[in-house]
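Undergrad: Note that the protein sequences, when read in sequence, are chains B and E. Letter 172 of the first sequence, counting from 1, is numbered 172 in the numbering used here, and no numbers are missing. Letter 44 of the second sequence, counting from 1, is numbered 44 in the numbering used here, and no numbers are missing.
By construction, these hints were calculated from the structure, which means they are not laboratory data. Mixed in with the good hints, there may be bad ones.
[Said to hold, decoys possible] Simulated coverage check for chain E against chain B, where a stretch passes if three residues somewhere in it have a Cβ under 8 Å from a Cβ of chain B:
1) 26-40
2) 92-100
3) 116-130
[To be verified] Dumping the calculated DSBU-like pairs for lysine-lysine here, alpha-carbon to alpha-carbon at most 30 Å:
4) B:Lys142 with B:Lys158
5) E:Lys20 with B:Lys275
6) E:Lys136 with E:Lys20
7) E:Lys224 with E:Lys136
8) B:Lys142 with B:Lys207
9) E:Lys74 with B:Lys158
10) B:Lys142 with B:Lys5
11) B:Lys141 with B:Lys69
12) E:Lys136 with B:Lys275
These numbers come from a predicted model, not from an experiment. Quick reminder that beta carbons are idealized off the backbone N, C-alpha and C, glycines included.
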Amino acid sequence: MIDPKRVLRALAEHWTLLEPLCERFDAGTLSLIELRSQLGVQLPDSTPADVTALLDQWIRLDILVPVAKSPNRFELNAQIHDFLAYLRREHRLGLCLEIEAYLRHLERLAGYIQDAFEIRDGQDLARQLRLLDMRVRDVLKKLGNDEQALVGVADRAKTSDRQIPLRQRYAEVLATWDEYVEPMIQLVAADGAFEQGVRRVEQVLLKLLGEQQRLGQLVDDDLLLRTHARILEMQTTAQLTLRRARELLLPLREEARRHNAVTRGAALALSAIRKRGLDAVPQASLPLFTRPQSTFLGSASQVEAYVYALARFEPKPAQFPRASGKRKADAPRAPRTVREMLERCEQALPLPDLMLWLLEQEPEGATDELLYWFSRLSRDARFQRERLERRDYLTREHCVSLSSFALVGHANAQA
Amino acid sequence: MNLDLSELSLLAPIFRELFKGYHVSRRDPELYTQLSNLQDPYRALFRALGFELVCDTRGFYYFVPEQMGAQVNKTAQRLALFTFILVEHLADQGRDPLAVLDGGSLGRDELPPLLDKYRDLFLQAEVTSQDELEEKILRRLTQLGFAAEDNGVYRFLPPMHRFLDVCLAVQQDRDLAATLHSDLPLPTPPLAVEDEDPVVSLENVLAEEEDEEAALARAIAEEKELEA
Chain B
1 MIDPKRVLRA
11 LAEHWTLLEP
21 LCERFDAGTL
31 SLIELRSQLG
41 VQLPDSTPAD
51 VTALLDQWIR
61 LDILVPVAKS
71 PNRFELNAQI
81 HDFLAYLRRE
91 HRLGLCLEIE
101 AYLRHLERLA
111 GYIQDAFEIR
121 DGQDLARQLR
131 LLDMRVRDVL
141 KKLGNDEQAL
151 VGVADRAKTS
161 DRQIPLRQRY
171 AEVLATWDEY
181 VEPMIQLVAA
191 DGAFEQGVRR
201 VEQVLLKLLG
211 EQQRLGQLVD
221 DDLLLRTHAR
231 ILEMQTTAQL
241 TLRRARELLL
251 PLREEARRHN
261 AVTRGAALAL
271 SAIRKRGLDA
281 VPQASLPLFT
291 RPQSTFLGSA
301 SQVEAYVYAL
311 ARFEPKPAQF
321 PRASGKRKAD
331 APRAPRTVRE
341 MLERCEQALP
351 LPDLMLWLLE
361 QEPEGATDEL
371 LYWFSRLSRD
381 ARFQRERLER
391 RDYLTREHCV
401 SLSSFALVGH
411 ANAQA
Chain E
1 MNLDLSELSL
11 LAPIFRELFK
21 GYHVSRRDPE
31 LYTQLSNLQD
41 PYRALFRALG
51 FELVCDTRGF
61 YYFVPEQMGA
71 QVNKTAQRLA
81 LFTFILVEHL
91 ADQGRDPLAV
101 LDGGSLGRDE
111 LPPLLDKYRD
121 LFLQAEVTSQ
131 DELEEKILRR
141 LTQLGFAAED
151 NGVYRFLPPM
161 HRFLDVCLAV
171 QQDRDLAATL
181 HSDLPLPTPP
191 LAVEDEDPVV
201 SLENVLAEEE
211 DEEAALARAI
221 AEEKELEA
């Protein structure tokens, strides 16, 4: 029998050497040569004899054990490895099956408890209750460990090199999902084995409490109540662990799935293009246009001008005329109608120069307005016209160069 | 809805960019911040003008593009082809395509091997040299806000999700997988506008000019008749 104190002392003394070795042992076993070289790096001043002495001590204390059928390879003692993993907060994900096995055991214990009560064996009842309590603690410990391990899985996936393929990066996530989360979902479901097992144990304990009140106490009620509370805690913890597992892994799993879908989609599209040319980019794909759509009834430049006008819009205070005030003499004149202008033009016939006549009629007229009337009147079918030489005309604001017309009479008059 | 135009202080630059087909993302912090803070007024105003502003939750804004019937948009085809090629190329290299196209980057030095490997496909998009690849594809990607270029490195921006969505749509399109193995013609995509086209449509303006010219011709003809 190895003295526990000596093991603990060795672990404490050699922690700086053991901790880096743990990582190596997490990945597999080590040969004697690998172990010696690893320790040689960490203890540069030591002689080979010192390293041999150190390894001897670890082997004697059962910290290191030879691998079965490979006497020159070593691994950490499984118990020590678990203990060190706990200290290092390195958690390995357990199996969902383990939880199921624990539950079956809990159900069996509930059966023993019932039997012990029926034969009024107080000692056995207390022993079975303690066993049940310890098993529930085991499950709680395992759920806690699994949750930490899941955090580790997600962290490794998120922090691993972004340049390695996603499939590789998330391989652990996908495996964990399939092997742990998926079975856990079924286990913890409302009609799953977990709920059923918990309910059965709970029923036994509650019945026991009632019977004790009726028939007299065999064990302390507190023991029963404590065990019951721990069972409920286990149930809640399982649900929380599962929820956390989903929260951690589902987005990563979706990312991996999306990645696969994108890669497959691109390969499909390229295959189609290879076979049928660029126009084979499939209809199902969202159309990608570079030009925006407009349902506005106007040309694009009008819309653009309109938006710029909006952007520079500055509201001016509206000035309303006072009721008592008099209208100014130069109140804005109503725009002339085509009929009015045509009539005036007809009355003034013959016109030696239409543009000059317009300038006389509308000395204050804006250039674009004058040009509009010039165009409108010169083209009117009722006038007979003659083209004049090009010359300059001065409007209020501009100097316009054009070939005006002489309107010599009615078109039908000559005909 | 009441619009306070003084609030929309960046209306003109925002409209100008969106109208060009540009995708506004966090790369343009000022425009993006104003669009995301005043999303509703901008949408309402643009809708009144006949433009549908898309606010993609993945962090970008663009105008719903114009449906041009059977007319195929060469630029969109080229950019989609480039995305497909890049995804496959990166996956072949054992790299993560999403990590590159969703915020990652691609060096200019990576283009020649890409061009060599997919020469036959690039040929279909009338891209035969690295210059053409940069001119016809990567420059267009940056012009439309899909990527940003800095010292020979192209960084892909959130709007690239539109092309990744195309990959997903293709993957979900069972018909495509079926047609790949049949002789039926593949459906043509309703993509728009040749890239040589001006971004702003001048069709209506041209039509108006034609009217003017026709009217003038009529007037001259009438004149000649009268003279005769």
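Undergrad: Compare the structure with the hints numbered earlier in the document and write down the numbers of the violated ones, lowest to highest.
TA: When the structure is compared with the hints, numbers 1, 5, 7, 9 and 11 turn out to be violated.
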